[in-house]
Each structure stands twice: as structure tokens, then as C-alpha cells.
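Engineer: Spelled out from the first residue to the last, the chains are:
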Amino acid sequence: MTDEPSATLDGVTRTYGGVPVLTDVSLSVGTGVTAVVGPNGSGKSTLLGVLAGAVDPTAGTVRYRYGGPREGGDKRVGYLPQRVPFRDGLTARETLGFYAALVDGDPDAALTGVGLADAAGKRVEALSGGMRRLLGIAQATLGDPAVVVLDEPTSGLDPEMRERAFRAAARAGDDAAVVVSSHDLDLVDAHADAVVVLRRGSVAAAGPRERLLAEHDAADVRELYRAVVGGSPDGPGVDDEGSDGDADGERDAESVHVAGVSDR
Amino acid sequence: MTSAAAGVWLVFRRELATVRRTPGYAVLAIGLLVVLGGLVAVGGGGATGFVPAVVDLLLPTEVLVPLLAVVLGYRALFADAASGELAVIRTYPVSAAEYVLGVLLARTAALVAIVGGPFALVGAYVWLTAAPDTGIFATHAGVDSPVLFVRFLALVVLFGAAYLSLSAAVSVVATSRRSAVALAVLALLAGVVGGDLAILRALSAGGSASGVAGSIALTPNGAFRGLVFEHVIGVAFAPEGGFVASGRAVASLVGWTVGGGVAAAAILAFRSHVDVALERTRGRFRQ
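Taken in order, these protein sequences are the chains called A and B.
Going by our numbering, the letters in the first sequence line up with residues 1 to 264, in that order.
Going by our numbering, the letters in the second sequence line up with residues 265 to 551, in that order.
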């Protein structure tokens, strides 16, 4: 673990059709698993897209310690979008083989790493939702990128598959900065080293999990979430339910540092 | 680390694997073969020779080849962008240009098989059934020859490649499958009838008829038709050429092909920057 962040967002704003989805987000992520949580529509996927280089911010900058997604001849950032996008018609082995060849990786080792060795010959469309997500995690971690971005890797999975997906993400976090968005607060509690809570496109709270729990006098991430956002992770936050719309008392300072990274 | 050539090759292989596993394309090839065979049969069969067969096929070719090329190309670049896989691919060391080149080369290889294959089979049928003098490999005017059909075949592939590249470029700006289809149909209509209509309109407005040979070469259909007249049909029947400016026509077909690819790569590479610039402008207006 190092004190220097693997990726740093500074004043990042993103609008769509003039409507802000992310507003002035500043944070850093380092080695380990950083979980991004927040209500639907709070900007999690946009934040992860910005980190992965799939979404350009309308304002602000993103800096990477080891280079950005399209810099140099190596893969610097791994990315699994919310909707697993692999082509039908190709097998799991062929799909991963294509990506592995681009980074001189080993597709069989990657498949084995996520427990899909037996499904290597299955076509992508024949894989279950959970297996597709595991394939996506294997793809994202190919080439040992310094930053791995996984957008809701446990969405729609049964409990066993969710656990497998999170365990695979956590293993990648031994050597990389793994940023995972999720509504599954129990798994976040079990595996995340740091937590970012988003609310209405802004960072409501962020930092090492243990520190945040202590600061908010919460026993686990679920309580932390209630304290910061209110409501459940799948539903609207307290602000969305009509209370004080400017309630941002839990919002940290302008720049927030997470995942075992010292404060800037 | 991947070299540019290796990146293109890997994208090419993946694209070709996808095409190979799409049964609809094989059906299209069979359908094209049936239509071409039927047209030659209606025109008197293979016994009439290569040039009569080309004459019979020319007009349908001007519609069928663009149609099949557009079918092959309209989702070539749209599919990965729409599914989100392009965002994943772009996290790997593959540039937009390498990606577009790999996809278009694979689709062009598919075009050679799906469109060129049926035409080649029709040519082989003519060779096997035509009168004896068509077996001569003529290099001079006045004699029907397999070489003329090979030229026609080469022009068909080049013609199809231009439409394939254009439809792929158009597909990049599509935001949904429906809009990809609509844009592809629009490009097809504009190419197949738009160019000729524009020339007719220019002539009716008082334009010089002597300039037609030059201006007709600018559209894919005009260039293809002119080249077929100049280097296939005209070789056998007319000692004088002048249907089209050959160099300009070839440059036109190559230009449409390369231009489509370059446009597609540029759109893929810079679209997000344009999007951000628009958002910033919107933001300023809202303030």
C-alpha cells in the first residue's frame, strides 16, 4: 500500500443536456477496494465512467499515477460497465482471448481466477447473468491495470454469485485500486477498504471505511448510508423525499481522500 | 504491449469470427446467387458469353451490391458502441483508427465472400457453358473473355467496399438500432439515385453535357457504371472509350472507401470531445 493515490479526480463535473449529473467531485483512490454507494441516479455510473475514461468530464480533471486509459502501450485502467457488453456468438474463452491478446495476458488463467474454467467453451449468450459478470471482472483485471473500475458487478445476482463477484474484486484489490459501485451494503461492509457515498451528484461522505463508521457512529455501512443519505440504497434518499433539499451536513471538505490514502 | 498492426489483426479476427457465426449473411449470399443466376438465365443463359452477362447484371448490381454492403456495414461500428463494449475496448491499447481499420477490413473480407462469391460462381457458370470463343483470354478489343468478367468482379468488390465503408461511417453517428437502419437506408438512397439525379438536375439547369464524364465519376454508382462501360463492356463492343474519366472514377471509389473509414475513426476518436464542448456551451447559455 502506498500513500500516493492511483487516481485523483479534481473538481469533476459532468452534465447531460445541461443537467448536472456529477457536480464538483474531488477525491482520490488508492490500492484496495473502494466502494461507491448512493441512491439510484446519484451519479455512480457517471463517476465510474469518468474514472475509466469512458466519460469525459465537462469540467475538472482526472489524474492517474501510472497513466490514463489511453496513454502509452499498456492497459492502465480496467473497466466493467454496468451492463456487461460482450458479443453474443463468441465463447467465454474467445471473448477473453481477444482481450488477453491485446495485453499479452493469459485468458485461461483469468477464467480460472474467477472460477469460470469449466465454462470456457460456452457461448456468452448461454452464460448466466452471474457468469457474465464474472467474465467481465476477469476481463477488467486482465493486464494487471493499476486501476480497476467495476460498475455494479453484483447487480441482479443471487447471494452466492454476489459473494463470488465481490471476492474476485477484492482479490484484484491486493495490487490495484479497485473501485466498485454497489447497492449491496453488506458486501461493501465485508470487503471495502474505503467508501464513497454519493448524493445528487456530489460526494456526501468519503474515506476509509473504519474512519467513516467511527465519524458517523455507525456499526456498519448500512447504518453509515442511512446516516449520510437516509432511506435504503435502492430507494430515494431523505432529501429526495421532500425534506430540506440543501441538507449536506455530512458532506466532507471539497477534496476527499479514500482507500488508505493520506489526506492531501 | 500491442503494436498497431497486432491491434488491427486482433480486431479483424474478432470481427470475422462474428460474421462467420451470423447465419443471415450466408442466406444473403445464397439469395444473391439465386437472383444473379436468374437474371443471367432470363438474359439468355451462360451461353451468350461474359459481356452479355455483365450487361444483364449491371443495373441490378448497382442496387443489389450497395444493399448488401449496407447490410454488412450498418451495424459494423454501431454494435460495439451501442452495447458499451467499445468503451471497454478503448481501455486497451487499441486506437480508434486501429479499431475501425480492423472492423472494416474484416467486413470487406466478408463482402468479398458474400458478394464476390456469387458473382464469381456466375462467372464460372458462364465460362463452363458459353460458346467456345469466350474461353480466349483476350487483351484486345472486340473479343469476349473471362478477363472482362474478372475486371467486372474486381469493380463490384471495389464498388461494394465504398458502400460498406460509408454505411459503417454513417452507423457511428446512430444512437439506436432504428436510427442506424434509417441512416443506412438514407445513405443507400442518396448513393444509388441521389448522384444520378443531381447530374440530371445539373444538365436540365443548363450544365455542360461534356462535363458529365468527369462529374459522373464522383458518385460511387456513376464511377462504377462508367468503369464497367469503359473497361468491360466497351472493350468488347466499342473501340472508343470516353464513358468516364477512369483515373477519377477509380480515385472516387477508393476515396469513398478510405474517406468513410477516416470519417468513422475521427468520429469515434473525437465524438466525446465534441459532446463535452456542446455541454459546456449549453452550460454557458444556462448561466
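Keep in mind the hints are simulated off the structure, nothing from the lab.
A few of these clues could be false.
If you want a taste of the chain B side facing chain A, the calculated C-beta under 10 Å gives, among others [claimed, not checked]:
id, residue
1, L274
2, D344
3, R354
4, Y356
5, V358
6, E543
7, F549
Quantities reported herein were computed from a predicted structural model and do not represent experimental measurements.
Glycine included, C-beta positions come from ideal geometry on N, C-alpha and C.
Engineer: Decide, hint by hint, whether the structure agrees.
Structural biologist: Hints versus structure:
1. Look at B:L274: its Cβ gets to within about 5 Å of chain A, closer than 10 Å, so that hint holds up.
2. At its closest, the beta carbon of B:D344 sits 8 Å from a beta carbon of chain A; the interface hint therefore holds under the 10 Å criterion.
3. Residue-level restraint check for B:R354 holds (minimum Cβ-Cβ distance to chain A is 7 Å; threshold 10 Å).
4. Interface restraint check for B:Y356: the shortest CB-CB distance to chain A comes to about 4 Å, inside 10 Å, so the restraint holds.
5. Annotation: B:V358 was flagged as interfacial toward chain A, and the flag holds, the nearest CB pair being 6 Å apart, inside 10 Å.
6. Satisfaction of the interface hint for B:E543 is found here, the shortest Cβ-Cβ separation to chain A being roughly 5 Å, below the 10 Å cut-off.
7. Of the supplied interface hints, the one on B:F549 holds, with its beta-carbon coming within about 8 Å of a beta-carbon of chain A, less than 10 Å.
The structure meets every hint from the earlier list without exception.
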